[in-house]
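**Q** Listed here are the chains, written in short residue letters.
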Amino acid sequence: MKRPPIFGLMAEFDSPTELALAARKAYEEGYRRLDAYSPFPIEEVSEAIGFGHSRVPLVVLVGGLLGGIGGYLMQYWISALNYPINVAGRPLNSWPAFIVVTFEMTILGAALFAVFGMLALNRLPMPYHPVFNVERFAFASKDRFFLCIYADDRKFDRAQTEKFLAGLNPKNVSEVPH
Amino acid sequence: MAEDPTGQAPRTGRPPVIAPGYTFATVTDKISAIVLSRRTSMGWVVGFGVGFILTMVLLLAVSYLLVKGVGIWGIDIPVAWGFAIVNFVWWIGIGHAGTLISAILLLLNQPWRNSINRFAEAMTLFAVMCAGMFPLLHLGRPWLFYWLFPYPNTMQVWPQFRSPLVWDVFAVSTYFTVSLLFWFVGLIPDLGTLRDRAHSRFARAAYGFLAMGWRGSARHWKNYESAYLLLAGLATPLVVSVHTVVSFDFAISIVPGWHTTIFPPYFVAGAIYSGFAMVLVIAIPIRKYYGLGDMITMRHLDNSAKIMLVTGLIVAYGYLIEGFMTWYKSEDFDFFMMKNRLMGPYAPLYWALIFCNILAPQVLWSRRVRQSVGALFTISIVVLIGMWLERFVIVITSLHRDFLTSSWGMYYPTRWDWLTFWGTVGFFGMSMYLFIRFLPMISIFEMRTLLPEAEVEAEAK
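Sequences listed follow chains A and B, in order.
Quick note: the first sequence uses the working numbering, first residue 11, plus one each step.
Quick note: the second sequence uses the working numbering, first residue 871, plus one each step.
Take the hints with a grain of salt, since some may be wrong.
Computed list of lysine to aspartate or glutamate pairs in DMTMM-like fashion (alpha-carbon distance at most 25 Å, straight line) [as the list claims (entries may be wrong)]:
| no. | chain 1 | residue 1 | chain 2 | residue 2 |
| --- | --- | --- | --- | --- |
| 1 | A | K12 | A | D153 |
| 2 | B | K900 | A | D153 |
| 3 | A | K181 | B | D1164 |
| 4 | A | K35 | B | E1325 |
| 5 | A | K12 | A | E172 |
Bear in mind the hints are in silico, worked out from the structure with no lab data behind them.
Remember, it's a predicted structure, so these values are computed and weren't measured experimentally.
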């Protein structure tokens, strides 16, 4: 696919309510390649742009299972197979004594997967992103709310989309260069 | 939501969680200004300086220890554990309040935590660092600490996974890792804010590097919130398990005074007790000197005091049951241990701990005391001393006169014990000062969600 001449168009809003309304309208209009930016999480907005489910919980489950099973097998292999010590005939696979480390490894695995999984799903760290080219975008981390429609959206048209965004009653609409 | 997020429900008449009149912009400016534009005050320099000097004292004490060995401490047979373990348990307990505030109160939907969770988490990290130093230095050959971990080695031996000491290695290292991750994940959006606000090129680059390109995208927030909530869910059982495992170090042994099943719950309660005392000791000066009374309000201090009161009573119950079980099982060695604890050579410390942990905090029942910043600060210091004494009494009185009369002895800390202990206090203080100066001590994005204007109106739902 040919790279569009600009990255997209961005509209700025004053309040979370305006952003949620605008995001929903854009989605209803048929735009799919779009994103919203806010200084704090707003559930309604991520739902409005059609991002209702996060895959993080699944990643965390996998991490926890790997940590827990791996933790137990490690202890089993070390204490019963590789380095067995016979103490008065007590069982080598003394599972009650292995519970604590198994538990800790479960938590550790799940937590590492939660953090690095979240970063990977968000494609972070990302040293460069075009939205930062918009000067006003610095306020997205303070008190402003932005909606960006990407130029590679099938419905995107430089003039039409700008008109549509302007119709959402934003503070301003700006072009996002690559 | 169970509670009005702004805390201004007229019914309760309690102070709000955040003073009225703030907007997204003013909250952001107020918190980030402390880091970005406010001049470093003399008070900060002095406080940091004291912490720095004590950290140098710590380095001196540790260097001397590395040269001479653990013989410079007061430990000997029969008391081989001494200050190292007392301080380890004390510090790690202090850390627990940070996780309680950040994780458990998040799950319980207590929005008042949003203004104190960040520095409480930092407190956890630094306290666990201080805690971790002690068992490592106590090893005798600290440079071989990695022998504690199961790694393939040419000696062809492995750690003993049936030992609580190995459990402790896993519990504490997992706790530190998860606390660090939780704290850093919470910081990412605020680092983005600082990156966008910073004036100097270096600050922008440094915060930008740490923010990893965070841009507040709705998709990112969704994954972020999910991860943050799950981390809270993971940290909650973890924090309970950590002090439980610490108490196993004692309870799994057969030493009279240690071998008891009340230890895990009573250690966890004691940990949270001392942790909240430390939260107050830090929060009270911060809100005064940085003018943050609007964000860390009397409501926070009041709630923290109430949690101290409750956990203090659980600790009192623990002492009571310890005494009762000793009487109930009527076992000679146990009976002697308790008599020795109440009337032996270390008895003054035991009664001091009863005063500090049980009697003195009862004044917190009074609303007037909970509304007095000075009184809360004093009580918190008293509780911190009391909890330190508790660990001292548990470790030392149980060991110094055990089964064999011929092996009785006394334990006296040496100057190196004291220098190491105060050195870690200084390290803790220095780290807190650095944290306050370079990172937002209150979570900015979580404070924004507390504001009335953060609500999405019904038309957009």
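**Q** Hints numbered earlier in the text: which of these fail when held up against the supplied structure?
**A** Hints 1 and 3 contradicted; others consistent.
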